[in-house]
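Visitor: Sequence:
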Amino acid sequence: EGEFANGNRHGQGVYTSSAGVYEGAWMDDMQHGEGTYRYREGDCYVGHFQYGKRDGYGVYTHADGGKYEGMWRNHVREGLGKTTNSDGSYYEGTYARGNIVKGTRVYPDGNIYEGEFRKRFMHGKGSITFVDGSVFSGNFYYNQPDKQGKITSAAGVYVGEIEEFKPHGKGMYEYTDGTVYQGSFMRGQRDGSAKVLYANKNEVLEGQFMFDRLFKGQGVLHNSDGSVYNGEIDNFKYTTGVITYTNGSSYEGTFSDNLPFNGVGCGSVGETDVYCGNWVDGAATGSGQISYGDGSTYTGEVVKGLKHGQGTFVYADGSVYEATWVENRLHGAGRHTVVDSSGECTGMFEGHWVDGLKQGTGTYTYLNGGRMLVGDYTQGKRNGVHTLMYPNTGYEVQVEYANDALVENGCIQFTDDLVFEGILLNNAYHGQGTLTYPDGAQFVGTFNNGQIVNGKGTFHFADGTTYAGEWQRGKKHGYGTFYFKGTPIFEGEWANDKPVKA
Numbered sequence: 001e002g003e004f005a006n007g008n009r010h011g012q013g014v015y016t017s018s019a020g021v022y023e024g025a026w027m028d029d030m031q032h033g034e035g036t037y038r039y040r041e042g043d044c045y046v047g048h049f050q051y052g053k054r055d056g057y058g059v060y061t062h063a064d065g066g067k068y069e070g071m072w073r074n075h076v077r078e079g080l081g082k083t084t085n086s087d088g089s090y091y092e093g094t095y096a097r098g099n100i101v102k103g104t105r106v107y108p109d110g111n112i113y114e115g116e117f118r119k120r121f122m123h124g125k126g127s128i129t130f131v132d133g134s135v136f137s138g139n140f141y142y143n144q145p146d147k148q149g150k151i152t153s154a155a156g157v158y159v160g161e162i163e164e165f166k167p168h169g170k171g172m173y174e175y176t177d178g179t180v181y182q183g184s185f186m187r188g189q190r191d192g193s194a195k196v197l198y199a200n201k202n203e204v205l206e207g208q209f210m211f212d213r214l215f216k217g218q219g220v221l222h223n224s225d226g227s228v229y230n231g232e233i234d235n236f237k238y239t240t241g242v243i244t245y246t247n248g249s250s251y252e253g254t255f256s257d258n259l260p261f262n263g264v265g266c267g268s269v270g271e272t273d274v275y276c277g278n279w280v281d282g283a284a285t286g287s288g289q290i291s292y293g294d295g296s297t298y299t300g301e302v303v304k305g306l307k308h309g310q311g312t313f314v315y316a317d318g319s320v321y322e323a324t325w326v327e328n329r330l331h332g333a334g335r336h337t338v339v340d341s342s343g344e345c346t347g348m349f350e351g352h353w354v355d356g357l358k359q360g361t362g363t364y365t366y367l368n369g370g371r372m373l374v375g376d377y378t379q380g381k382r383n384g385v386h387t388l389m390y391p392n393t394g395y396e397v398q399v400e401y402a403n404d405a406l407v408e409n410g411c412i413q414f415t416d417d418l419v420f421e422g423i424l425l426n427n428a429y430h431g432q433g434t435l436t437y438p439d440g441a442q443f444v445g446t447f448n449n450g451q452i453v454n455g456k457g458t459f460h461f462a463d464g465t466t467y468a469g470e471w472q473r474g475k476k477h478g479y480g481t482f483y484f485k486g487t488p489i490f491e492g493e494w495a496n497d498k499p500v501k502a
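The sequence shown begins at 1 in the UniProt record's numbering and counts up one residue at a time.
Simulated from the structure, these hints should not be mistaken for lab results.
All values reported here derive from a predicted model rather than from experimental measurement.
A few of these clues could be false.
Unchecked claim - Below, a list of computed lysine to any residue pairs in the SDA-like style, where the Cα atoms sit at most 20 angstroms apart:
no.: 1; residue 1: 147; residue 2: 127
no.: 2; residue 1: 67; residue 2: 89
no.: 3; residue 1: 195; residue 2: 183
no.: 4; residue 1: 53; residue 2: 15
no.: 5; residue 1: 216; residue 2: 261
no.: 6; residue 1: 304; residue 2: 269
Said to hold, decoys possible - Computed Cβ-Cβ distance ranges for the label pairs, DEER-style:
no.: 7; residue 1: 202; residue 2: 226; range: 12 to 20 angstroms
no.: 8; residue 1: 228; residue 2: 87; range: 44 to 52 angstroms
no.: 9; residue 1: 333; residue 2: 292; range: 20 to 28 angstroms
no.: 10; residue 1: 345; residue 2: 270; range: 24 to 32 angstroms
no.: 11; residue 1: 343; residue 2: 485; range: 50 to 58 angstroms
no.: 12; residue 1: 407; residue 2: 343; range: 31 to 39 angstroms
no.: 13; residue 1: 239; residue 2: 379; range: 44 to 52 angstroms
Quick reminder that beta carbons are idealized off the backbone N, C-alpha and C, glycines included.
All chains should be modelled from the sequences, with the hints used to inform the complete structure.
Guide: Listed below in structure tokens is the structure:
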């Protein structure tokens, strides 16, 4: 149905046959020019025809959704074109006699190949970009990579022997940080004899690799935690060398299971503690320092990670123990320096400890009062009679303690530059006693909880006068006699510190 010329189909027309329906241009009874052919099986071609064949630019759409857009010659794809498949994959590039020869092909799995083809296979020079971003460049032979090639990835660039798009055989891998690996690979992993050159070119690692790790060799190894090992490695483990940690500490010697074994250096002893010193058979043993997680430190002798022998322990607050230790406990002679909340030294104890507790005779020196307390300790507590000494004045008096508490007994004590001799209860003047003031004045009488109480007492004033008589609430009150240099000058009643009646 359409136009004719000289008995032939010529011009525009529609032709229906068992193959399908053509609608378009005709010339001399042949499809020629622009037209559309809808095939009975569902395919459709829209484009240019020449003498009954697809020729020139046209779009062929398959019934399954696949489509070709590009050039045709003599009924086959020829020249530039793009084929898109129903699964989303496509090829865009050059065709020759219906075959893809050079271009870009995107596969269903997301991999992208750019290069030469033969009979739909990757063949010749090309590169394939994998979904992980890595790129292989080299020669292909019917979809298989050549034995030599180049792989570029986020980790770096590899040049060398290839198998299944992975380093396999001899090659060189230059990592993004500048490190270069020269040696053998197996299925993408470092395996076999190799040399590693680090970015600064001054550090080298040589040996045998296995499963992507150094199995046996010698050199510098940079670990993922930032530490650096320089030495020998055997069976994936350090043997003899030096390891430097990110905090600047280091260990030098032999290792066992990658831990310090015999040598000198730093290593962990506990979850938060670090030991720097001598190691014997994998244990911190010898002279060294332990830095604890709470800020305290121990410097001295250590056995198997424990304080053992002579050593000094400094707490975070500044207090210090200089003593003998047995398995982390104070045991033997030592000295404890005490500090207050501001860090000022307030006192010092020198004596003995047993199983971490003060035991036996010890001396406590009060640095802010010029006093020394000497006596016995039982399981860490003062017990029995102690001697309280004032070296500056020569005073010396006996004090009694029970379970660290002061009990009633004769005593002399400085308090606010006063001197008290008498009975103490809960560290306060109590009962009969003598209180001497800095100016030489002195009261002899009865006290209660540190205060002069009702009753009789004698007060010797600094000017030589004396009052002997009754007191009330710390004042002269009641009957009493006032003396001047031993001579009575008033005897009678007193009220609130004043004479009222002779």
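Visitor: Hint by hint, say whether it matches the structure.
Guide: Taking the hints in turn, this is what the structure says about them:
1. Distance check on the hinted pair: residue 147 and residue 127 sit about 14 angstroms apart at the alpha-carbon level, within 20 angstroms; holds.
2. Between residue 67 and residue 89, the direct Cα distance comes to roughly 11 angstroms. Compliance with the 20 angstroms bound is thereby established for this hinted pair.
3. Between residue 195 and residue 183, the direct Cα distance comes to roughly 6 angstroms. Compliance with the 20 angstroms bound is thereby established for this hinted pair.
4. The straight-line distance between the Cα atoms of residue 53 and residue 15 is roughly 15 angstroms, inside the 20 angstroms bound, and the hint therefore holds.
5. In summary, the hint linking residue 216 to residue 261 is supported, as the alpha carbons are separated by about 19 angstroms, within the 20 angstroms threshold.
6. Under the criterion of a C-alpha separation no larger than 20 angstroms, the hint pairing residue 304 with residue 269 is consistent with the structure, at around 9 angstroms.
7. About 18 angstroms separates the C-beta atoms of residue 202 and residue 226, a value consistent with the hinted range of 12 to 20 angstroms.
8. At roughly 50 angstroms, the beta-carbon separation of residue 228 and residue 87 lies within the given 44 to 52 angstroms, and the hint holds.
9. The hinted range of 20 to 28 angstroms is satisfied by residue 333 and residue 292, whose Cβ atoms lie roughly 24 angstroms apart.
10. As the Cβ distance of residue 345 to residue 270 is approximately 30 angstroms, the hint placing it in 24 to 32 angstroms holds.
11. The hinted range of 50 to 58 angstroms is satisfied by residue 343 and residue 485, whose Cβ atoms lie roughly 51 angstroms apart.
12. A hinted range of 31 to 39 angstroms for the beta carbons of residue 407 and residue 343 is consistent with their spacing of about 33 angstroms.
13. Take residue 239 and residue 379: their Cβ atoms lie about 49 angstroms apart, and the range 44 to 52 angstroms holds.
In this structure, none of the earlier numbered hints is contradicted; all agree with it.
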